[in-house]
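Enquirer: First to last, the sequence lines map onto chains A and B.
Taking the working numbering, the leading residue of the first sequence gets 1, the next gets one more, and so forth.
Taking the working numbering, the leading residue of the second sequence gets 1, the next gets one more, and so forth.
Worth flagging that the hints you see were computed from the coordinates, not collected in a lab.
Note that this is a predicted model, so its numbers are computed, not measured.
Do not take every clue at face value.
Because identical chains share one entry, a pair is satisfied inside a single copy or across any pair of copies.
Taking lysine-lysine and the DSS-like style, the derived pairs with C-alpha atoms no more than 25 Å apart in a straight line are [what the hints assert, rightly or not]:
hint	residue 1	residue 2
1	LYS202	LYS215
2	LYS202	LYS217
3	LYS269	LYS313
4	LYS137	LYS119
Single-letter residue listing:
2 protein chains.
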Amino acid sequence: MRVPEELLEVLRQENKFIIASHINPEGDALGSSIALCLALKSIGKEAHVFNTDGVPYLYQFLPSMQLIKTSLDGLPTWQYCLVLVDCNEPDRAGIEDYRFKLNIVVDHHLTRKSFGDVKWIEPESAATGLMIYHIIKDLGIKIDRDMAENLYTAISIDTGTFRYDNTTSEVLRVAAELVDLGADPARVAIRLYESWTYNRFKLLLEMLNTMELIKIKDIKVAFTHITLDMFRQTDTTQADTENFSNFPRMIDEVEVSVMFRQTDDDAWKASMRGKGAVNLALVAASLGGGGHRNAAGFKAEGSLEDLKARLIKSIEDNINQ
Amino acid sequence: MRVPEELLEVLRQENKFIIASHINPEGDALGSSIALCLALKSIGKEAHVFNTDGVPYLYQFLPSMQLIKTSLDGLPTWQYCLVLVDCNEPDRAGIEDYRFKLNIVVDHHLTRKSFGDVKWIEPESAATGLMIYHIIKDLGIKIDRDMAENLYTAISIDTGTFRYDNTTSEVLRVAAELVDLGADPARVAIRLYESWTYNRFKLLLEMLNTMELIKIKDIKVAFTHITLDMFRQTDTTQADTENFSNFPRMIDEVEVSVMFRQTDDDAWKASMRGKGAVNLALVAASLGGGGHRNAAGFKAEGSLEDLKARLIKSIEDNINQ
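Input sequences plus hints: build the corresponding full structure.
Expert: Shown next as C-alpha cells:
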C-alpha cells in the first residue's frame with residue numbers, strides 16, 4: 001500500500017481541514033476520522049471532525065470522540081480542505097450543500113462518482129483505518145495512544161477483529177504496532193462485542209428460540225423473527241437488532257439466515273445474510289428491497305406466513321444465480 | 001519469552017518423542033501437539049502425538065490432524081521422551097500408567113505438582129502454541145504451512161482470536177508471521193466460529209435459556225447450566241460445550257460467567273470466564289480446580305444448588321483479589 005505523494009503534499013501544505021465520514025457511522029469511519037484529526041492537530045494544523053449522526057452508544061468509548069461535531073454551522077467551510085473518509089460521495093456524509101477549498105477523499109470502497117480533487121481509493125485495503133495509519137506514518141507524525149486506539153478500533157471492526165478474509169499479515173502487523181503504541185485489544189473487544197445490555201441479550205435469545213431450518217432445494221435457510229410483543233417484553237427497540245441476523249450463520253449447514261422483525265401490526269422488515277449460494281441482492285430486489293449478494297433486506301406488509309412463502313419462492317428462483 | 005537452553009538441548013539430542021496433551025483437548029492442546037510433532041519429524045526425529053480423546057469434530061480441520069493417536073499400545077514408551085503440552089500432570093493426559101525415558105513439560109498453566117525432568121512453564125504466555133512457536137524457531141526449523149496453521153489455531157483459540165487481555169503485540173506479530181507462512185485467518189475463524197452443528201447450536205440455546213444473573217457484592221455473575229438430559233435431547237456431547245461459557249460475557253453488566261455441565265448423575269464441571277474483577281484462578285483453586293485469572297474451572301460432586309452456593313461464597317471471597 002502506497003500513499004499518493006500528491007495527497008501527502010496537500011496535507012503538508014494546507015493548514016485547515018474538515019474531516020467528514022458517512023451517516024450511520026461505524027468504527028472504521030469514526031476511528032479513521034478521529035485519528036487523522038489528532039494527527040493533523042499534533043503538527044499544528046487546524047482540524048475538525050464532522051459526522052452528521054454523531055457517535056452511537058457503541059462507540060462512545062473511542063478516545064477523543066468528543067472531537068466529533070454534528071454541525072458545521074459557523075465554520076467558513078470554503079476556507080477548509082475537506083477530507084472525506086470511509087465513503088466517497090458528499091451526500092453519503094450529508095455535506096452535499098457545503099463548499100470546500102479542496103476536496104480530498106480517502107476510502108476503501110469502490111467509487112461510482114468522480115467526486116474529489118485529490119483521491120486515494122484502495123479497495124484492497126481491509127479498512128480505511130489502515131490507509132490513515134499509512135498517511136500518518138508517511139507524514140512522519142508520532143502515533144500517540146489516542147490515535148493508536150482509534151486506528152486499532154477501525155481496523156478491528158472492518159476485519160471482524162481479524163476473522164474476515166481481509167485479515168492479511170500486514171493487518172496483523174499494523175495491529176501489533178498499534179498495541180505497542182498504546183491500543184488495548186481487550187478493552188476494544190469488550191466495548192465492541194461484550195457491552196450488550198441484558199435486555200438486548202434477552203431479545204436475541206427470544207429471536208433465536210423462534211428459529212426453524214427450512215430446506216429449499218438443496219440448501220438450508222434459517223428463519224427467525226421478532227414480534228412487536230417481543231420488543232415490548234424485553235423493553236428493546238429496532239436498533240437493538242443490529243447484527244442479529246448473523247448469529248444463525250454459526251451453523252455449518254445454514255446457507256442463508258433470514259430474520260423478520262415486526263415494525264407495525266401488519267408490517268415487517270427482513271434482514272438476510274448468506275454464505276454465497278444464493279444471490280440475496282436479487283432475492284431482495286424481487287421483493288422491493290436491495291443490498292449485496294450476501295447481505296440484503298426488504299420491507300413488506302402482510303402476515304408472517306405469507307411473507308415467508310413469498311420469500312421461499314424467491315430464494316428458490318435465485319439459488320446459484 | 002526465552003526457551004530454556006536445557007529444553008532445546010534435549011530436543012536436539014534425543015530422537016524419539018511422544019507428545020501428549022490433556023483430555024478434552026481444545027485448539028491449543030491439539031495445535032501445539034501437531035505443530036511440534038511436524039517440526040520434530042521435519043528434522044528426522046521419530047515423533048508421535050497422543051491424545052486419549054482424539055480430535056473433536058470442531059478441530060477436524062487442523063492440517064495433519066490424522067497424526068493424532070488415541071492409544072499408545074505397541075509403543076515401547078520407556079524408549080521415548082514424553083513431551084507433555086498444555087498441561088503439566090500425567091493424569092491430565094491419561095498417561096499416568098506409562099513410563100517414559102524422560103519427561104518434558106511445556107505449558108502455560110501454573111503447576112501444582114513437581115512432575116517433569118525438563119520443564120518450561122510460562123504462565124504469562126497467551127498460549128502453549130506461542131511457546132511451541134519459539135521452540136521451533138530456536139531449533140532453527142522452517143515453519144511450513146501445516147505447522148503455521150496449527151500454531152495459528154492454538155494462539156487464536158486461547159486469545160479468543162485476539163480479543164482477550166492476553167493479546168499482546170507479540171501475539172499479533174507472531175500471528176502475522178504465521179499468516180505469511182501459510183496460516184489462513186478466515187479459514188480458521190470460519191472453522192472455529194461458524195461451523196457449528198445444528199445440534200450444538202440447539203444445546204447453546206438450551207444453556208442460555210437457563211441463564212440467571214446473580215449479584216454478588218457489587219458484581220453480576222451469570223449462571224448457566226447443561227444437564228445430562230439436555231445433552232441427550234440435543235444428541236450432543238461434553239466436547240460440544242467448548243467456549244459456551246463465553247457467551248454470557250457479551251452482556252455489559254456480566255462480570256463473571258459460570259457454566260455448569262453435568263458429567264454424571266451427581267457430578268458437574270464448572271467453566272468460569274471473567275472480565276477482571278474476580279481472580280477466578282483463586283476461586284477455582286479453592287474448589288479443587290485450576291486455571292487463569294479470567295478463565296478457570298473445577299469439578300465437583302453434589303447437587304447443582306449446593307455447588308452454586310459454594311461457588312458464590314468463593315467468588316465473594318475473591319472479588320478484587
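Enquirer: Does each hint hold? Answer for all of them.
Expert: Cross-check of the supplied hints:
1. LYS202 x LYS215: Classified as between; 18 Å across copies, 28 Å inside a copy.
2. LYS202 x LYS217: Only across copies: LYS202 and LYS217 sit 23 Å apart there, 33 Å inside one copy, limit 25 Å.
3. LYS269 x LYS313: within (17 Å within a copy, 47 Å between copies)
4. LYS137 x LYS119: Answer is within: at 18 Å inside a copy they meet the 25 Å cutoff, but 43 Å across does not.
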